[in-house]
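Trainee: When you get a sec, could you build the whole thing from the sequences and use the hints?
Just so you know, the sequences run in chain order A and B. Just so we're aligned: the first sequence equals residues 56 to 417 in my numbering. Just so we're aligned: the second sequence equals residues 8 to 379 in my numbering.
The set of hints was computed from the structure by calculation and includes no laboratory data. Values in this document were obtained by computation on a predicted structure and should not be read as measured data. Idealized CB from N, CA, C, for every residue including glycine. Among these hints, one or two may not hold up.
Label pairs and their calculated CB-CB ranges [unchecked claim]:
id	chain 1	residue 1	chain 2	residue 2	range
1	A	Lys225	B	Gly198	54 to 62 Å
2	B	Asp145	A	Leu282	19 to 27 Å
3	B	Ala263	A	Glu120	22 to 30 Å
4	A	Arg390	B	Leu53	20 to 28 Å
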Amino acid sequence: MDRRAFLQRAAIGATGTAALAAPALSQERQQLRMVTSWPRNFPGLGTGAQRVADRITQTSGGRLEVKLFSSGELVPAFGVFDAVASGEANMYHSAEYYFEKKHRGFNFFTSVPLGLTTKEMNSWITYGGGQALWDQLSGEFGVKSLLAGNTGVQMGGWFREPVATMEDLKKLTFRMPGLGGETLRQIGANAISLPGGEIFEAVQSGRIDATEWVGPYNDLAFGIQKLLKIYMYPGFHEPGTVSSLGINRTWWDGLTDSDRTLITACAQAENDVMIAEYNANNGSSLRELLSQHEVVLQAFPQDVWSEIAKVGDQVVADAAKDDLTSAKIYTSYKRFRKSVASWSEISDQAYLRARADVLGHV
Amino acid sequence: MSKKIDRRQVLGTAATAGAAALATPAIAQGAPRKLSLVTSWPRDSLILPQSAERVAQTITQLTNGQIEFEIFHSGETVDPFEVQDAVGSGAADCYHSVEQYFIKKHPAFVFFSAVPFGLVAHEMSGWLKFGGGQEFWDELSGAFGVRALMAGSPGAQMGGWFPKPITTTKDFEGVRFRVQGAAGQVYAAAGVDTVNLPGAQLVEALFGGEIQAVEWVGPYLDLDYGFVKLLPHYMYPGWHDPGGIRSFGINAALFAELSPTEQSVFELAAARENTLLEAELNKLNGESVVSMKREYGAQVHKFPDDVLKELFRLSTETLDETAAHDDLARRIHESYFAYRDTVTEYAAVSSSAYLEARNTALALNKVSRYDD
Chain A
56 MDRRAFLQRA
66 AIGATGTAAL
76 AAPALSQERQ
86 QLRMVTSWPR
96 NFPGLGTGAQ
106 RVADRITQTS
116 GGRLEVKLFS
126 SGELVPAFGV
136 FDAVASGEAN
146 MYHSAEYYFE
156 KKHRGFNFFT
166 SVPLGLTTKE
176 MNSWITYGGG
186 QALWDQLSGE
196 FGVKSLLAGN
206 TGVQMGGWFR
216 EPVATMEDLK
226 KLTFRMPGLG
236 GETLRQIGAN
246 AISLPGGEIF
256 EAVQSGRIDA
266 TEWVGPYNDL
276 AFGIQKLLKI
286 YMYPGFHEPG
296 TVSSLGINRT
306 WWDGLTDSDR
316 TLITACAQAE
326 NDVMIAEYNA
336 NNGSSLRELL
346 SQHEVVLQAF
356 PQDVWSEIAK
366 VGDQVVADAA
376 KDDLTSAKIY
386 TSYKRFRKSV
396 ASWSEISDQA
406 YLRARADVLG
416 HV
Chain B
8 MSKKIDRRQV
18 LGTAATAGAA
28 ALATPAIAQG
38 APRKLSLVTS
48 WPRDSLILPQ
58 SAERVAQTIT
68 QLTNGQIEFE
78 IFHSGETVDP
88 FEVQDAVGSG
98 AADCYHSVEQ
108 YFIKKHPAFV
118 FFSAVPFGLV
128 AHEMSGWLKF
138 GGGQEFWDEL
148 SGAFGVRALM
158 AGSPGAQMGG
168 WFPKPITTTK
178 DFEGVRFRVQ
188 GAAGQVYAAA
198 GVDTVNLPGA
208 QLVEALFGGE
218 IQAVEWVGPY
228 LDLDYGFVKL
238 LPHYMYPGWH
248 DPGGIRSFGI
258 NAALFAELSP
268 TEQSVFELAA
278 ARENTLLEAE
288 LNKLNGESVV
298 SMKREYGAQV
308 HKFPDDVLKE
318 LFRLSTETLD
328 ETAAHDDLAR
338 RIHESYFAYR
348 DTVTEYAAVS
358 SSAYLEARNT
368 ALALNKVSRY
378 DD
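Mentor: Pasting the structure below:
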């Protein structure tokens with residue numbers, strides 16, 4: 056279906072509001088399609104997508120009725136961007152780094168190695184110039200994207216044995232996608248990318264030695280702890296993974312100001328709710344992993360981590376060399392990280408560490 | 008935080024949020040309703056009045072102008088500490104404030120603002136939305152005729168400005184410290200000479216020698232006051248207010264009368280602010296930490312571990328007294344701290360460990376390293 060046909064079909068206002076007296080433009084009922092990259096109600100990501108869809112429907116009084124299609128129902132998980140760009144769907148809930156083959160600049164709007172935490176990312180996108188750069192990049196493909204959720208800092212991964220040296224790391228076949236995986240490859244490890252659903256079997260069969268997934272909440276649900284007991288931290292690869300709401304640009308541009316505000320606000324609200332859901336469940340899931348599954352938490356030695364970090368930071372810099380758009384994004388991102396890092400250190404970093412100390416943790 | 012400096016006389020007229028900016032034509036749903044919104048922020052202060060106005064504007068815009076607000080900032084109709092009374096009684100419709108201002112009505116309101124060694128903002132969101140916190144808040148506020156929602160957080164605060172670095176609890180001796188709320192109680196229990204002064208009197212009190220140290224908010228808002236020029240030593244972390252929240256309160260009977268769609272719009276406008284306020288101030292704080300060091304020579308120091316341990320012990324005692332107030336306070340205290348204890352280890356191995364590793368590996372931590 057082409058974009059024009061879809062948009063005509065999506066706007067069913069003519070029949071839907073015919074009976075109402077004096078329908079203003081903003082009263083036209085529209086049935087909207089949201090495609091996602093997640094299984095239906097997958098904890099955190101899928102539930103988050105559903106909340107965005109439901110909130111748009113609810114706060115518009117049913118005028119903008121969003122029907123959600125989970126991964127595979129209308130298009131495959133990674134096909135959501137094309138579906139929205141072409142107008143086959145109005146919007147997607149996904150993660151921008153799934154589209155890095157279209158442009159590597161998309162990585163910066165999900166999470167990159169050594170990058171920004173959730174709070175820092177919210178600041179950069181919303182008040183630090185990030186949104187304008189994102190608009191420029193997505194606009195080249197006919198899409199408008201917004202922050203619409205975050206998983207928080209990802210853990211370092213699951214291992215059979217603790218990683219004590221760089222040599223330990225190089226021996227591994229490690230499931231890690233994206234720029235994190237590229238970092239491991241440059242270090243000399245064998246990094247491969249696998250969909251989440253294949254992780255358990257790949258560990259069981261010995262195809263991979265180590266894996267990262269998301270964090271305690273999602274990791275526990277996958278049962279990785281039954282096979283691997285060493286849980287390393289901190290992760291270097293995704294310090295605050297953004298979920299995005301991508302919207303067909305032509306359709307977006309035709310909305311009223313108040314409908315654009317409504318959709319933006321629903322995305323911003325989910326940005327708060329998803330991290331809350333992850334927080335509430337990560338804490339209890341980590342406790343369960345440690346107390347009921349004999350999982351051992353282990354910190355990467357700082358010298359090993361620093362060596363990974365230097366490679367990872369260079370991988371990110373290299374990913375920004377494709378064109379001027381990438382270079383602009385990278386410059387803005389890097390400047391923001393430098394500007395906010397000292398504050399992050401003396402606020403959240405210092406406070407959360409001190410709180411763990413006084414409560415007698417690790 | 009308390010009342011900020013009222014630099015000008017109270018303005019005579021209140022602004023009507025959003026109405027002029029509306030692009031959407033009004034639709035035939037009857038006459039628009041005008042609600043009053045009272046805030047605890049002086050009209051000409053930075054950040055918070057605009058945050059309250061943003062919540063109001065979102066509601067006005069998403070109801071196509073059917074709900075408009077007349078906004079009265081601090082002192083324009085009611086005292087900043089009395090906004091909840093005004094909304095509970097129906098004298099006003101809504102407030103934007105901080106719940107610790109209401110602890111004289113019930114001490115458990117502290118759990119819905121900022122708690123020493125308590126939750127950071129996104130953890131607070133987790134407790135409220137997925138840990139049972141909102142149900143407790145509804146029970147507590149409901150007793151005063153109010154329905155309250157989390158509506159933004161300024162993020163972490165700092166530990167205050169001092170004439171010399173705090174290296175032991177003895178360094179607090181001989182220093183008259185402006186600090187308020189739960190932190191003030193804890194410092195008083197530690198034997199510190201504390202005083203609560205409104206923002207408008209701080210600068211004069213410092214010049215007049217009435218106080219020798221001051222805790223206010225965080226880098227951006229503190230820099231606006233210029234404390235750094237008199238007191239160069241800035242202590243962290245802000246253990247007493249690690250991510251306190253601001254709240255949007257609505258008269259409970261009014262909220263119940265709203266349509267389900269209108270109720271969801273109020274909730275949306277408040278939830279949106281949870282992303283925006285913290286994101287805005289986080290950026291400004293980052294820039295301010297750098298400039299206060301480069302331009303004003305601020306020296307940033309971490310409270311020593313044993314000082315934090317002592318303040319933690321006293322905080323725990325102080326909050327245990329709150330729990331003894333009544334059964335509701337006891338239940339809220341239990342739920343809040345169970346959540347805090349559950350997320351503490353995760354926070355240490357995720358956000359905190361990551362920032363420490365990143366900032367060390369890439370030498371991004373220069374501000375504090377130079378001074379410690």
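Trainee: Could you run down the list of hints and mark each one as holding or not?
Mentor: Comparing the hints with the structure gives:
Distance hint for Lys225/A and Gly198/B: a CB-CB separation of about 56 Å, consistent with the stated range 54 to 62 Å. Between Asp145/B and Leu282/A the Cβ separation comes to about 43 Å, which falls outside the hinted range of 19 to 27 Å. Against the hinted window of 22 to 30 Å, the Cβ-Cβ separation of Ala263/B and Glu120/A comes to about 26 Å, which satisfies the hint. Taken as a hint, the range 20 to 28 Å holds for the pair Arg390/A and Leu53/B, whose Cβ atoms sit roughly 23 Å apart.
In terms of the numbered hints stated before, the structure departs from hint 2 and from no other.
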